[in-house]
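> When you get a sec, could you build the whole thing from the sequences and use the hints?
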Amino acid sequence: MTAHDPVGPSTPARLAGLPSGEPGEVSFFHTSQLDDLINMARESSLWYLLFGLACCGIELIQTGGPRADLMRFGAIPRASPRQADFMIVAGTLTYKMAERAKLLHEQMSEPKYVIAMGSCASCGGLFQGSYSVCKGVDKMFPVDVYVPGCPPRPEALTEGLIRLQEIVRHERWSLKRRPIRQGAR
Amino acid sequence: MTPQEIQTRLRGRFGEAVGPMADTRRDPFFTVGKGALLEVAAFLRDEPDLAMDALEDETALDWPQRNVLEVVLHLFSFTHRHGVTVKVEVDRAAPSLPTLTGVWRAAEWFEREVYDLFGVSFEGHPDLRRILLPDDWEGHPLRKDYREAGGWHGISNERENPLVELRRLDQKRRQENLP
Amino acid sequence: MEKLILRKIEAGREEMILNFGPQHPSTHGVINLLVETDGEVLRRAIPDVGYLHRGLEKIGEQVGYPGFMPFTDRIDYVAAMFPNEGWATAVERLLGIEAPPRAQWLRAISCELCRIASHLVSVGTMAMDIGAFTPMLHGIREREKVNDLLEALCGARLTYNYHRIGGVAFDLPEGWRDECLRFLDHFDAFLSEFDRLISWNELYVRRLAGIAVVSREQAISFGLSGPNLRGSGVDFDLRRDMPYGSWALPDFTKAVRLEVPVGKGFVGKTGDCFDRYYVRCLEMKVSARLVREALASIPEGEIAAKVPRKVKPEPGEVMSRIESARGEMAFYVVSDGTDKAYRVRVRTGSFTGMGIVEELSRGLMLADLVALIASLDVVAPEIDR
Chain H
1 MTAHDPVGPS TPARLAGLPS GEPGEVSFFH TSQLDDLINM ARESSLWYLL FGLACCGIEL
61 IQTGGPRADL MRFGAIPRAS PRQADFMIVA GTLTYKMAER AKLLHEQMSE PKYVIAMGSC
121 ASCGGLFQGS YSVCKGVDKM FPVDVYVPGC PPRPEALTEG LIRLQEIVRH ERWSLKRRPI
181 RQGAR
Chain C
1 MTPQEIQTRL RGRFGEAVGP MADTRRDPFF TVGKGALLEV AAFLRDEPDL AMDALEDETA
61 LDWPQRNVLE VVLHLFSFTH RHGVTVKVEV DRAAPSLPTL TGVWRAAEWF EREVYDLFGV
121 SFEGHPDLRR ILLPDDWEGH PLRKDYREAG GWHGISNERE NPLVELRRLD QKRRQENLP
Chain W
1 MEKLILRKIE AGREEMILNF GPQHPSTHGV INLLVETDGE VLRRAIPDVG YLHRGLEKIG
61 EQVGYPGFMP FTDRIDYVAA MFPNEGWATA VERLLGIEAP PRAQWLRAIS CELCRIASHL
121 VSVGTMAMDI GAFTPMLHGI REREKVNDLL EALCGARLTY NYHRIGGVAF DLPEGWRDEC
181 LRFLDHFDAF LSEFDRLISW NELYVRRLAG IAVVSREQAI SFGLSGPNLR GSGVDFDLRR
241 DMPYGSWALP DFTKAVRLEV PVGKGFVGKT GDCFDRYYVR CLEMKVSARL VREALASIPE
301 GEIAAKVPRK VKPEPGEVMS RIESARGEMA FYVVSDGTDK AYRVRVRTGS FTGMGIVEEL
361 SRGLMLADLV ALIASLDVVA PEIDR
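These protein sequence lines are chains H, C and W, in that order. Numbering-wise (our numbering), the first sequence opens with residue 1 and increments by one. Numbering-wise (our numbering), the second sequence opens with residue 1 and increments by one. Numbering-wise (our numbering), the third sequence opens with residue 1 and increments by one.
Check each hint, because a few of them may be wrong.
Said to hold, decoys possible - A short list of chain W residues far from chain H (calculated; beta carbon distances all over 12 Å):
hint, residue
1, Glu36
2, Val41
3, Arg157
4, Ser199
5, Val262
6, Leu295
7, Pro381
As the list claims (entries may be wrong) - Below, simulated BS3-like cross-link-like pairs (lysine-lysine); rule was C-alpha separation at most 27 Å, straight line:
hint, chain 1, residue 1, chain 2, residue 2
8, W, Lys58, W, Lys264
9, H, Lys102, H, Lys112
10, C, Lys144, C, Lys34
11, C, Lys87, W, Lys58
12, W, Lys269, W, Lys254
13, C, Lys144, W, Lys285
14, C, Lys87, C, Lys34
15, W, Lys58, W, Lys340
16, C, Lys172, H, Lys112
17, W, Lys58, W, Lys312
18, C, Lys144, W, Lys340
19, W, Lys269, W, Lys285
20, W, Lys340, W, Lys312
21, W, Lys310, W, Lys340
22, C, Lys144, W, Lys58
23, C, Lys144, W, Lys145
24, W, Lys285, W, Lys254
25, W, Lys340, C, Lys87
26, W, Lys340, W, Lys306
27, W, Lys145, W, Lys285
28, C, Lys172, C, Lys87
29, W, Lys264, C, Lys87
What the hints assert, rightly or not - Computed spacing ranges between beta-carbons, pair by pair:
hint, chain 1, residue 1, chain 2, residue 2, range
30, C, Glu47, W, Ser26, 39 to 45 Å
31, C, Thr79, W, Gly210, 45 to 51 Å
32, W, Leu366, C, Glu148, 35 to 41 Å
Treat the hints as calculated values from the structure; they're not laboratory data. Beta carbons are placed, not taken as given, at the ideal position from N, Cα and C, and that holds for glycine.
See below:
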């Protein structure tokens with residue numbers, strides 16, 4: 001499930017951010033080729049911040065391991081948020097950790113993305129009845145891709161990364177910036 | 001030595017401060033008075049027959065019906081390979097106990113956790129502050145009458161049911177795709 | 001935390017207090033260390049835990065006895081069979097029932113495989129923390145194979161939820177035994193390769209030998225357990241000395257031969273980082289042999305005892321102790337006669353392991369602190385629950 005509508009063959013062009021041939025629309029043909037080129041370069045080298053908090057963190061490491069290799073998509077784990085393009089929040093976010101997570105998210109530079117891996121990061125998961133668990137990472141900052149599972153299989157996380165790449169591919173990068181998302185819920 | 005023998009030995013030495021063995025069909029335990037706790041602990045560790053050199057666990061139980069908090073110690077001896085469970089009762093309104101850090105170093109963190117989650121303060125503890133929860137958390141969660149404060153530092157603890165949320169997003173997408 | 005820092009500033013000292021965590025590239029989880037230093041040599045490092053405190057003990061009072069089993073996986077997610085077994089054993093003792101022999105053997109087999117998986121992560125990440133990245137990938141690669149075996153057995157790669165109150169959930173599938181034996185053959189060869197690659201590597205030995213020595217008395221007084229305790233020379237293993245589950249069955253102990261590796265100063269002093277590390281390597285070898293011998297003579301029979309639909313034990317309390325990959329995991333369960341537990345307490349090996357860090361960190365160098373934390377094999381969920 002993506003916060004941006006998934007793009008497929010039947011999606012209207014205006015939603016996909018592509019020129020739709022309406023009267024009065026300036027043709028962005030040359031710019032959109034530049035967009036494609038830039039986005040292809042960007043999506044093939046998205047570096048992620050290692051933010052493994054709990055059990056999903058171990059599956060994140062296994063996904064980066066030899067069998068289901070995340071690095072072949074260009075996603076290299078980085079330890080510092082300044083060097084990262086996106087953040088995979090893998091695991092339960094507690095209140096004590098939530099403020100640090102927000103700090104880390106702010107330290108990443110734009111354009112930045114967030115993948116919420118696992119059900120604890122998406123909505124609090126198994127621990128919704130607990131007194132010290134933040135119910136979902138989107139209470140702190142906006143999320144682009146939610147990957148369900150407890151923990152998600154490496155294949156599921158790879159699918160999440162591919163969806164993120166799709167989001168990046170369809171951005172109008174050279175013409176205008178990404179729209180500023182609404183703040184955290 | 002069995003727990004019954006250990007309790008008899010302690011009772012012989014400390015008298016009334018050591019309670020009788022509990023009447024239970026599961027794991028046995030006995031209670032020790034709060035005033036004699038430090039001496040009993042030191043005796044258990046130093047006496048050659050008992051030699052309880054390891055504090056396996058220190059935790060607490062909340063009994064609001066009896067209006068007490070029970071601090072439970074599980075002790076073990078590596079030399080004699082025997083163990084015993086000792087309980088100490090403290091008043092629920094103002095719970096406090098002398099610290100066992102001088103006897104077993106493991107008590108340092110166990111007592112911090114009991115302070116954090118139950119509110120029992122330990123006199124003489126070198127560094128008594130919250131360990132698992134943030135420093136400015138209010139309340140002691142493992143007590144039976146704990147009420148959640150509703151979030152922390154502005155982060156709310158309410159979330160609508162994810163299924164309701166997903167259905168709403170689904171319907172929105174369907175409406176946008178229709179024309 | 002703010003109170004500590006203000007105290008330091010007032011005293012006019014020259015050291016800084018740096019945050020070593022909670023987000024950091026090693027796998028021990030979200031643990032923060034406040035490092036008080038004015039350079040490379042530390043004054044001390046104060047652990048600041050609780051970033052993964054999910055309130056499992058309170059949840060245990062709310063979900064009932066069978067319902068708590070999935071939560072036990074999350075207590076130690078790197079080796080999740082051990083808390084499963086601990087909880088099942090505790091509730092069985094409260095109910096007064098015993099699991100059938102085949103279930104106990106299956107529990108032991110799954111636990112020993114899990115011990116291998118856990119130690120692979122432990123030694124792999126230790127090597128990565130020291131600086132060598134390849135052993136980490138070797139460990140992850142082998143762990144994938146163990147994950148495959150356990151997934152065939154119980155359906156999940158990480159949070160197994162395999163043991164049940166009264167037995168286990170699933171029996172061995174067809175062909176599992178041969179797959180497992182094939183993996184064990186390959187694993188023995190892998191272990192000797194791993195030893196050649198990293199254990200006796202000159203650089204590795206120099207980084208670990210003689211660092212952060214824990215004496216026998218210190219280890220016992222601080223409540224260390226498991227490989228940490230055995231690394232300091234204390235010859236104690238719950239499987240042999242306080243047997244539980246299948247380790248208390250005479251058929252099992254006749255079929256398998258348990259060896260307990262104890263640290264004796266392999267290259268440095270007894271109780272240093274290398275001892276704790278090498279004890280884990282030897283334990284992996286022992287566990288592989290245990291699984292092989294157990295599979296050879298596992299008895300037939302049922303895999304679960306009859307348990308009432310509503311689990312309502314009589315009032316009382318029980319302490320069940322398991323030799324987990326990280327030390328002694330003990331479940332202290334108090335029941336008051338209803339179908340929800342009155343108190344669930346989990347005593348883990350990593351909690352006491354973290355408690356000793358402040359004491360040992362005085363005068364260490366920053367890189368040695370990393371080696372110390374890695375050699376103690378602490379994981380955040382065991383500390384914070």
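> If a hint holds in the structure, say so; if it doesn't, say that too.
Status of the hints after comparison with the structure:
Every CB of chain H lies more than 12 Å from the CB of Glu36/W, the least distance being 20 Å, so the non-interface label holds. Even its closest Cβ contact with chain H, about 24 Å, leaves Val41/W beyond 12 Å, as expected for a residue assigned away from the interface. A beta-carbon of chain H is positioned within 12 Å of the beta-carbon of Arg157/W; the least distance is around 7 Å. With a least CB separation of 21 Å from chain H, Ser199/W remains clear of the 12 Å interface cut-off, as annotated.
The claim that Val262/W lies off the interface holds: its Cβ sits roughly 29 Å from the closest Cβ of chain H, which is beyond the 12 Å cut-off. No beta-carbon of chain H is positioned within 12 Å of the beta-carbon of Leu295/W; the least distance is around 25 Å. The claim that Pro381/W is not at the interface with chain H is violated, since a C-beta of that chain comes within 12 Å of its own (minimum 6 Å). Between Lys58/W and Lys264/W, the direct Cα distance comes to roughly 41 Å. Violation of the 27 Å bound is thereby established for this hinted pair.
A hinted pair counts as satisfied when its Cα atoms are at most 27 Å apart, and Lys102/H with Lys112/H qualifies at roughly 13 Å. Between Lys144/C and Lys34/C the CA atoms are separated by roughly 22 Å; this keeps the pair inside 27 Å, and the hint holds. With a C-alpha separation of about 21 Å, the suggested pairing of Lys87/C with Lys58/W holds against the 27 Å cut-off. Simply put, Lys269/W and Lys254/W have alpha-carbon atoms about 35 Å apart, too far for the 27 Å limit, and the pair is violated.
Proposed proximity of Lys144/C and Lys285/W is contradicted: the alpha carbons are some 46 Å apart, above 27 Å. A distance of roughly 9 Å separates the Cα atoms of Lys87/C and Lys34/C; the hinted pair therefore holds under the 27 Å criterion. Between Lys58/W and Lys340/W the alpha-carbon distance is near 11 Å, which keeps this suggested pair within the 27 Å criterion. Taking the CA atoms of Lys172/C and Lys112/H, the gap is about 26 Å. The hint holds against a cut of 27 Å.
Proximity of Lys58/W to Lys312/W is assessed by CA-CA distance (about 19 Å); at most 27 Å being required, the pair is judged to hold. A threshold of 27 Å between alpha carbons decides the hint, and for Lys144/C with Lys340/W the separation of about 13 Å falls inside it, so the pair holds. As the CA atoms of Lys269/W and Lys285/W are separated by approximately 23 Å, the hinted pair is consistent with the 27 Å bound. The hinted pair formed by Lys340/W and Lys312/W meets the criterion: a straight-line CA distance of about 8 Å does not exceed 27 Å.
Between the alpha carbons of Lys310/W and Lys340/W the distance comes to roughly 10 Å, so the proposed pair stays at or under 27 Å and holds. Pair hint Lys144/C plus Lys58/W holds up; C-alpha atoms about 9 Å apart against a cutoff of 27 Å. As the CA atoms of Lys144/C and Lys145/W are separated by approximately 45 Å, the hinted pair breaks the 27 Å bound. A hinted pair counts as satisfied when its Cα atoms are at most 27 Å apart, and Lys285/W with Lys254/W qualifies at roughly 19 Å.
A C-alpha spacing of about 23 Å is found between Lys340/W and Lys87/C, which places the hinted pair at or below 27 Å, so the restraint holds. Taking the CA atoms of Lys340/W and Lys306/W, the gap is near 19 Å; set against the 27 Å cutoff, the hint holds. At roughly 16 Å between alpha-carbon atoms, Lys145/W and Lys285/W fall within 27 Å of each other, so this suggested pair holds. Only pairs whose Cα atoms come within 27 Å are accepted, and Lys172/C paired with Lys87/C is rejected, the gap being roughly 59 Å.
Only pairs whose Cα atoms come within 27 Å are accepted, and Lys264/W paired with Lys87/C is rejected, the gap being roughly 37 Å. In this structure the supplied range 39 to 45 Å holds for Glu47/C paired with Ser26/W, their Cβ-Cβ distance being about 43 Å. A C-beta distance of roughly 28 Å is found between Thr79/C and Gly210/W, which places it outside the suggested range of 45 to 51 Å. Remark: the range hint 35 to 41 Å for Leu366/W to Glu148/C is upheld by a beta-carbon distance near 39 Å.
Comparing the model with each numbered hint stated earlier shows that hints 3, 7, 8, 12, 13, 23, 28, 29 and 31 do not hold.
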